[in-house]
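**Student:** Each chain, written out:
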Amino acid sequence: MLRDITLGQYYPVGSPIHRLDPRVKLMGTLVYIVAIFLADGVWGYALAVLFLAVVIALSKVPVGHILKGLKAIFIIVLFTVVFNLFLTPGEELFHIWKLSVTKEGVQRAVFMTVRLVCLVMGASLMTFTTTPTALTDGIEKGLGFLKVLKVPVHEVAMMMSIALRFIPILMEETDKIMKAQSARGADFDTGGLVKKAKAMVPLLVPLFVSAFRRATDLAQAMEARCYHGGKGRTKLHPLKYTGRDLLAYLVIAAYLAGMILLKIFL
Amino acid sequence: MPLTLKNINYAYNAGTALEKKVLKDVSLTFREGEFTAIIGPTGSGKSTLIQHLDLLLTATSGELLFNGENVYAEGYDRKALRSRVGLVFQYPEYQLFEPEIFTDVCFGPKNQGLPEAEVHANAREAMKLVGLDESYDTLSPFEISGGQKRRVAIAGVLAMKPDFLVLDEPAAGLDPQGKKELLDLIRGLCTQAGKGIILVSHSMDDVAEYADRIIVLKDGTVRLDGTPHEVFRHREELVQMGLSVPKVTEVLCGLKTRGFDVDTGLIGIAETKEEILRLFR
Amino acid sequence: MDIIKASGLTHDYITYDEDERPISVRHALENVDLAIEEGQFVAILGHNGSGKSTFAKHINALLLPTAGTVTVGGMDIADEANLWDIRQLAGMVFQNPDNQIIATVVEEDVAFGPENMGVPTKELEKRVAEALAAVGMTAFAKESPNKLSGGQKQRIAIAGALAMRPRCIVFDESTAMLDPSGRKEVVATMHRLNREEGITVLLITHYMDEAVGADRVIVLDGGHIAMDGTPKQVFARTEELLNLGMQLPKVTQLANALTAEGLPLPAPILTEEELIEELCRLRSKI
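Residue numbers (my numbering), protein chains in the order written: chain A, 1 to 266; chain B, 1001 to 1281; chain C, 2001 to 2286.
Careful, some of the hints might be misleading.
Said to hold, decoys possible - For lysine to aspartate or glutamate, the following EDC-like pairs were computed, each having C-alpha atoms within a straight-line distance of at most 16 Å:
no.	chain 1	residue 1	chain 2	residue 2
1	A	Lys198	B	Asp1168
2	C	Lys2057	C	Glu2123
3	A	Lys176	B	Asp1168
4	B	Lys1110	A	Asp187
5	A	Lys235	C	Glu2123
6	B	Lys1079	A	Asp187
7	B	Lys1256	C	Glu2273
8	C	Lys2057	A	Asp217
9	B	Lys1256	C	Glu2125
10	A	Lys176	B	Glu1169
11	A	Lys235	C	Glu2125
12	A	Lys179	A	Asp189
13	B	Lys1079	A	Asp189
14	C	Lys2142	C	Glu2125
15	B	Lys1256	C	Glu2278
16	A	Lys179	B	Asp1168
17	C	Lys2232	C	Asp2215
18	C	Lys2147	A	Asp187
19	B	Lys1149	B	Glu1169
20	C	Lys2057	A	Glu91
Calculated directly from the structure, the hints in this document are not laboratory data. Note that the structure is predicted; figures quoted are calculated from it, not measured.
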């Protein structure tokens, strides 16, 4: 179950999207996320879905692979659907027991689901098509201006990159510890909230011990390889804008304009 | 009470396009008081197999029988089976979590719902079995040596009084002394305490020395199953699978290719010595 | 020429209580004098807690001596001005394959060291390509390290050290967590680098059969050098080795058993081929 979380895993195929500068993809994702909140009608959502579909097609990442990442938010989507379905006032379609389902409710449930799915797919597409190192390079360079404000941009970027690398490892480890404690009769599934919280101790203590051990090891390995912060560091793949990136910026701008126009005129 | 696998199949993502068969039609019987080693190259399904024995994984098809009863049958007390079969993962010391050793060892029996006196008695007995006395009770499991940590972890499983003890590479990462002590201890659990031992290992020399029976797994199927002498006779087959034979067997095989008439199915130092001396008499 | 030289090296681990008062002192290394010649393949053995990892960490200036000095390539490790030069000169490969790979793509991880040193991009590309070729992992340059086997991960870690153009690589129990085939690939890589690139190898290990192939074997015990010599010299001292918690390679045990029965075999025999050769020779004389 834990291995199903694909968010943050790079999918190595060559595609126009993969080759884009990470700063473009970061900006694009940011714009996409903001723009989807502009959508308030069928056309707005349609444009958002269409845009995403085109980008996914260009990225050559199999749709099935991206959809797997949605399992992680299934519960949230379910909650959203249920809440919107039953708690939106308006024209009643039918009711179940004391809860009424309204036309507006159905509409909102559908829209919210589309919005959430688009959000997650859009954001995970970025991580599928961008190596975490490139992504952190993008953050480091794209947000480099924040250094003037004493924001430790390099350190934050490095931390993110390391976190991304270790998430799958710690996930697998969680799975393993859970199994090991289950073999000792631990029960993670039944009982009330308090009992469940208590049952987590045999899982969390070893997990933290292990995470700290890994952190110490990693710090040592980084030091041994002359790491001393971002100062004077060079890059194997330094970021350079090309014509393709400019074109992408134009497309993103056009998409944003389109979403704004739809919001104003429809 | 024997533990039997009958035509066990297991696949990840069963029924989807990504289906990957890990175990194929595996039938085996494990007995108490027997030291069984499972060997096989990485990815052969060893760790999937042992997780079935403890119901951490459930077969896609096939039966798991404990004392003749189908464990997968409706109404079977699965929790009770977990008490009968104790599973020790690789690097088990990483699962220790209580601030004191004795409390950690008590975790298993406590989960079995036993009365406190019995919990303590079982934990005490388990610690004795792994050679740790009362002086360890209140020490922190995080502040003892690597070999001791591993003993504590094994005691934590033994405290549930299993009939079978399943271990995945129990000696990995220990120094030669620590490794020998631990394997001797496990052998003793089999011979003296009568436990059925199922041990996954990568070391041909170790399994040749300690096991009563060796099962060779490759691509999810049982390729060989027999005493160490029987199994290590199949040198060519083993090498093809990416495995090997004990060092002394290797020497005998080398002599054979040089034209000497020696028995290449020997695995112990003493018997190999005799066989080589025979050439000089 | 000596690439590593320790004189009077002592290292204490001190534990402190909550008020930062020292409560216990453990001498991990005591007054160790040791010189390692450039280009050699040196194996360091010793049971857990013998001080071998502590020694290894001094070579890369990850630990500094409590007393005594260590020089690497003639540079004093205690002098902070030498720090980056020393770490470039003496690469290090650790035990856990997962915990020393920093980047999420193989080639970027290999580049991590030289990037930190400020090597220009053009040169970086060349170094990464060479380092990956040297460990036979060129085909995996664009892969994620998570998909590699333990042995492959360790080879990437070796490439990461190589890309810094070191003269010496310290392997701190780098084979302990690997399966036999992974161990074989990593040990073969070490020997190739030593032979073909002239890199000094310091191999810290529990496996006796890995020490057999070294030029020199050092056994540490309780923070002291207990034995030091060629594998032949060290493995001939059976009693002493056993008392130090070491074991003889299986073949040596067999050869010793045969010698005890009166076969005139030279001592010690360290490899299967050697024993077979010797037995054939003896037999032909009958």
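**Student:** Give a verdict on every hint.
**Tutor:** Results for each hint:
Our distance criterion of 16 Å between C-alpha atoms is broken by Lys198/A and Asp1168/B, whose separation comes to about 28 Å. Restraint check: the Cα-Cα separation between Lys2057/C and Glu2123/C comes to about 29 Å, which exceeds 16 Å; the hinted pair is violated. The hinted pair formed by Lys176/A and Asp1168/B meets the criterion: a straight-line CA distance of about 13 Å does not exceed 16 Å. A threshold of 16 Å between alpha carbons decides the hint, and for Lys1110/B with Asp187/A the separation of about 12 Å falls inside it, so the pair holds.
Restraint check for Lys235/A and Glu2123/C: satisfied, since their Cα atoms lie roughly 10 Å apart, inside the 16 Å limit. Our distance criterion of 16 Å between C-alpha atoms is met by Lys1079/B and Asp187/A, whose separation comes to about 10 Å. Taking the CA atoms of Lys1256/B and Glu2273/C, the gap is near 13 Å; set against the 16 Å cutoff, the hint holds. Distance restraint check for Lys2057/C and Asp217/A: the Cα-Cα separation of roughly 12 Å lies within the 16 Å cut-off, and the hinted pair is therefore satisfied.
Note on Lys1256/B and Glu2125/C: the hinted pairing is violated, with a Cα-Cα distance of about 51 Å set against a maximum of 16 Å. The straight-line distance between the Cα atoms of Lys176/A and Glu1169/B is roughly 15 Å, inside the 16 Å bound, and the hint therefore holds. A hinted pair counts as satisfied when its Cα atoms are at most 16 Å apart, and Lys235/A with Glu2125/C qualifies at roughly 10 Å. Only pairs whose Cα atoms come within 16 Å are accepted, and Lys179/A paired with Asp189/A is accepted, the gap being roughly 13 Å.
Taken as a hint, the Lys1079/B and Asp189/A pair is honoured in the structure, with Cα atoms around 13 Å apart against an allowance of 16 Å. Under the criterion of a C-alpha separation no larger than 16 Å, the hint pairing Lys2142/C with Glu2125/C is consistent with the structure, at around 13 Å. Only pairs whose Cα atoms come within 16 Å are accepted, and Lys1256/B paired with Glu2278/C is accepted, the gap being roughly 14 Å. Proximity of Lys179/A to Asp1168/B is assessed by CA-CA distance (about 13 Å); at most 16 Å being required, the pair is judged to hold.
Among the hinted pairs, Lys2232/C with Asp2215/C is consistent with the structure: their alpha-carbon atoms are about 10 Å apart, no more than 16 Å. This hinted pair does not check out: Lys2147/C and Asp187/A have alpha carbons roughly 31 Å apart, beyond 16 Å. For the proposed pair Lys1149/B and Glu1169/B, the alpha carbon gap of about 15 Å is at most 16 Å, so the pair holds. With a CA separation close to 73 Å, the supplied pair Lys2057/C and Glu91/A exceeds the 16 Å bound.
Checked against the numbered hints given earlier, this structure breaks hints 1, 2, 9, 18 and 20; the rest are met.
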